[in-house]
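Chemist: Chain residues, written in single-letter form:
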Amino acid sequence: MSGLLYMLLPMSPLAQASPTVMERVLFGDAASPFQYLLYSVAIIAMVFLPLAMLIAMFSIWWERKVAGHIQSRLGPNRVGPIGLLQSLADGIKLILKEDLVPKDADNLLFRLAPYLAFAPAFAAFVALPFGPNFTYEPRLNVGVFWVLAILSVEVMGVILAGWASNNKWSVYGAMREACQMVSYEIPLGISIIVGIMAAGTLNMVALGHLQGGGIHTWLIYRNPFTLIAFFVFFIASLASNKRAPFDLPESESELVAGFHTEYSGLRFSFFFFAEYAAMFVVGGIQAALFLGGWNDPFGAIGYLYPEALRDFEAGGSPLPLIGLNILGAGMFVIKCMGIVFLQMWIRWTLPRPRIDQVLYACVKVLLPIACVLLLGAALWQLLVPEMAGVPWVKYHPWNWNDWKEQGARGAFVTQIILTIVGVSLFGATSMWAAYNLFSSRRNLKQRLTDPDPIDKAPANLAAASH
Amino acid sequence: MANIGLQHYLVLGALLFVCGLLTILLKRNAIGILMGVELILNAANVNLVAFNHFSWRGTPDAPALAGQVFAIFVIVLAAAEAAVALAIFLNFYNNFSTIDVERAQNLKG
Amino acid sequence: MTTSVLAISEADVAGWLFYLFGGIAGLSAVLLVLSRNIVRMAVCLLFTLAGVAGLYFLLSAEFLAAVQLVVYAGGTLILIIFGVMLTSKSPFSRFEPSAVEVVLAITLGGILLVALVLAVTSQRFPTAAEVAALPASERGYPVDRLGQALLGDYLLPFEIASVLLLVVMIGAAYLAKARRRESTRSANGPAESAASRQARAWS
Numbered sequence: 000m001s002g003l004l005y006m007l008l009p010m011s012p013l014a015q016a017s018p019t020v021m022e023r024v025l026f027g028d029a030a031s032p033f034q035y036l037l038y039s040v041a042i043i044a045m046v047f048l049p050l051a052m053l054i055a056m057f058s059i060w061w062e063r064k065v066a067g068h069i070q071s072r073l074g075p076n077r078v079g080p081i082g083l084l085q086s087l088a089d090g091i092k093l094i095l096k097e098d099l100v101p102k103d104a105d106n107l108l109f110r111l112a113p114y115l116a117f118a119p120a121f122a123a124f125v126a127l128p129f130g131p132n133f134t135y136e137p138r139l140n141v142g143v144f145w146v147l148a149i150l151s152v153e154v155m156g157v158i159l160a161g162w163a164s165n166n167k168w169s170v171y172g173a174m175r176e177a178c179q180m181v182s183y184e185i186p187l188g189i190s191i192i193v194g195i196m197a198a199g200t201l202n203m204v205a206l207g208h209l210q211g212g213g214i215h216t217w218l219i220y221r222n223p224f225t226l227i228a229f230f231v232f233f234i235a236s237l238a239s240n241k242r243a244p245f246d247l248p249e250s251e252s253e254l255v256a257g258f259h260t261e262y263s264g265l266r267f268s269f270f271f272f273a274e275y276a277a278m279f280v281v282g283g284i285q286a287a288l289f290l291g292g293w294n295d296p297f298g299a300i301g302y303l304y305p306e307a308l309r310d311f312e313a314g315g316s317p318l319p320l321i322g323l324n325i326l327g328a329g330m331f332v333i334k335c336m337g338i339v340f341l342q343m344w345i346r347w348t349l350p351r352p353r354i355d356q357v358l359y360a361c362v363k364v365l366l367p368i369a370c371v372l373l374l375g376a377a378l379w380q381l382l383v384p385e386m387a388g389v390p391w392v393k394y395h396p397w398n399w400n401d402w403k404e405q406g407a408r409g410a411f412v413t414q415i416i417l418t419i420v421g422v423s424l425f426g427a428t429s430m431w432a433a434y435n436l437f438s439s440r441r442n443l444k445q446r447l448t449d450p451d452p453i454d455k456a457p458a459n460l461a462a463a464s465h
Numbered sequence: 000m001a002n003i004g005l006q007h008y009l010v011l012g013a014l015l016f017v018c019g020l021l022t023i024l025l026k027r028n029a030i031g032i033l034m035g036v037e038l039i040l041n042a043a044n045v046n047l048v049a050f051n052h053f054s055w056r057g058t059p060d061a062p063a064l065a066g067q068v069f070a071i072f073v074i075v076l077a078a079a080e081a082a083v084a085l086a087i088f089l090n091f092y093n094n095f096s097t098i099d100v101e102r103a104q105n106l107k108g
Numbered sequence: 000m001t002t003s004v005l006a007i008s009e010a011d012v013a014g015w016l017f018y019l020f021g022g023i024a025g026l027s028a029v030l031l032v033l034s035r036n037i038v039r040m041a042v043c044l045l046f047t048l049a050g051v052a053g054l055y056f057l058l059s060a061e062f063l064a065a066v067q068l069v070v071y072a073g074g075t076l077i078l079i080i081f082g083v084m085l086t087s088k089s090p091f092s093r094f095e096p097s098a099v100e101v102v103l104a105i106t107l108g109g110i111l112l113v114a115l116v117l118a119v120t121s122q123r124f125p126t127a128a129e130v131a132a133l134p135a136s137e138r139g140y141p142v143d144r145l146g147q148a149l150l151g152d153y154l155l156p157f158e159i160a161s162v163l164l165l166v167v168m169i170g171a172a173y174l175a176k177a178r179r180r181e182s183t184r185s186a187n188g189p190a191e192s193a194a195s196r197q198a199r200a201w202s
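Protein chains in written order, with numbering that gives the first Met the number 0: chain X, 0 to 465; chain A, 0 to 108; chain D, 0 to 202.
For the record, the hints were derived by calculation from the structure and aren't laboratory data. No residue lacks a Cβ here, since even glycine has one placed at the ideal position from N, Cα and C. Treat the hints loosely; a few may be bogus.
Pulled a few chain X residues facing chain D out of the computed Cβ check, cut under 8 Å [claimed, not checked]:
(1) P32
(2) N140
(3) I149
(4) V152
(5) V154
(6) M155
(7) I158
(8) M174
(9) A177
With a straight-line cut-off of 27 Å between C-alpha atoms, the simulated BS3-like cross-links for lysine-lysine are [said to hold, decoys possible]:
(10) K167(X) x K102(X)
(11) K393(X) x K403(X)
(12) K167(X) x K96(X)
(13) K64(X) x K96(X)
(14) K176(D) x K107(A)
(15) K176(D) x K363(X)
(16) K167(X) x K176(D)
(17) K64(X) x K92(X)
(18) K92(X) x K102(X)
With these hints in hand, go ahead and build the complete structure from the sequences.
Modeler: Spelled out as structure tokens, the structure:
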């Protein structure tokens, strides 16, 4: 219900504007406002909510598998093929658990807190641009800022959960969490501003169109400051999601379970879903703002989209448009899941710092770096002339002469160099990870079934280990 | 359901203002009084933005945005004032071990 | 039934949304006055701020709505909750105003509300349709115009606000340092000089 409330927010004066392409595909050109209202509610209830649940359940299974393999064990592998139905089994178990409210806890606030934590994550989820026409509200002119704003309301749900549990450890967890999330919103916001300065618009759909020319038009490669801003944003988003190494609020070895100690059953699952939905949302902001949104690295979707749109406007079938959107949504989800995987990888690798070290990292390290990036990006916008307009529509992004004519030679050279640097870093990291993954797997069965594991190492272990 | 006009927003602003005033008058917890002040500032903001929406919009090159800009400054200043007010309340609590404003009587008489 | 449902106009939907967000804001404000638990008051304030943010969306001030959520709901309210947690000994307040104060306050508030509502409804303000019919008016405010206004026409207030925020940061950090009254008094004891003893004798 609260998700519904948050969802009506972008609908208001924009209901007076012309209908979006998706609405025209479904309803034709003249439909009543009641049909649009029904469509809005139905889309959220039947598409976005199941999608969010599905992504959360998949992420929970994937996290346990990743954790298992990093720790040289297998993770869940009994329920369903390779353990895929484990999240479903967990969900059924949580629903059937006893519904506890602590004795002296504030009843109303205790019951309210999980919804206050889940609703903002879901509201932000709905604002993500899955495709040029698969966005819930493409006319939301403050798209990126709206997602940031609604994620700040999540802090309140966590604080209430800690306070209303009437439990010292929960209150400690809640206060640490509030400190941490609110402090890290500053580098988060500043790194978003750095990206926005390079783009010039806050609208999520416009950001996606701007990056449609191929991998060198992605905003992360626009200038060296956005490249570093991506990593600052990534670290700040880890703290904002209460993910390790910043998971003090739920530090499992210190505070029992932090702010959700007293929660059991379905309410606990709400917090869980909220955490994984927020991870996906933050990955979504990074994908939409820095990594090109729904575009592929060659710019094919950006190349084919204006034609498909023109065909639909001229009265043709909407199928090519929908096909392009589905491809774009697939690319977007792959990028988001890549970032989610990175978050999981870091969680199971790094130890946990103290709260004063966490705040030191925010205020004395990330904040000065973010301010320097802001200054640098502003100077870059002033001094280096850039190509204006949407790629493939206003200019040809792979043609050197187009860039030279507009006087944007410096920008093109910078983008190509940064692309080469970025892609080679990414390629090197993934090849190294893949090598380690496959080389240790050869030994896993042997290590796990070795009759004398401690005294006698297997003969070829020394040869295969790095 | 009548068309929503400026009056509706102004009546809502008046309601928020009166609720904030009642909070300030009726609460003895200093932080409750601070919440009343925030309600009053929100009521003023609603009025400002409503007037901005229902007046002449200006030209597309120079839109009339005075109400929204003013509201942004009010929000900024409200945050600053809440920070200072809480610092004062914390100091008061550290010295008197209570947050009841009725106890702030040292200068009386 | 189907024909009347399909006859819903956009103005009706805008009206429903106004009553929804206005209702949330107003109801939460009234609950804030009536509630006795300071943390419940903070939750009511959160819903009021969220309702007002929704109203800003209806008034075509989208950027302002996001700023309200980030600064007010996600900043000031968290600050207030921190203050509540650091200064409250029990969640239920033991401070009750006397009956005379309550009656006086409600009378005052009632008179003010009636006066304001009468003042507002007796005027004839232009409706949304009339405003849209004015020459050269536009439907929404692009965010870049707001930025240009802030750094163009309203540059001086912007800079003054930033200096003020700096002053507030320094002041709040200094004020919030815990200083106990007993410790300052006892520091003067053993190390008292002749001058301060003389000053105390004369005061």
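Chemist: Checked against the structure, which of the hints given earlier come out wrong?
Modeler: When the structure is compared with the hints, none of them turns out to be violated.
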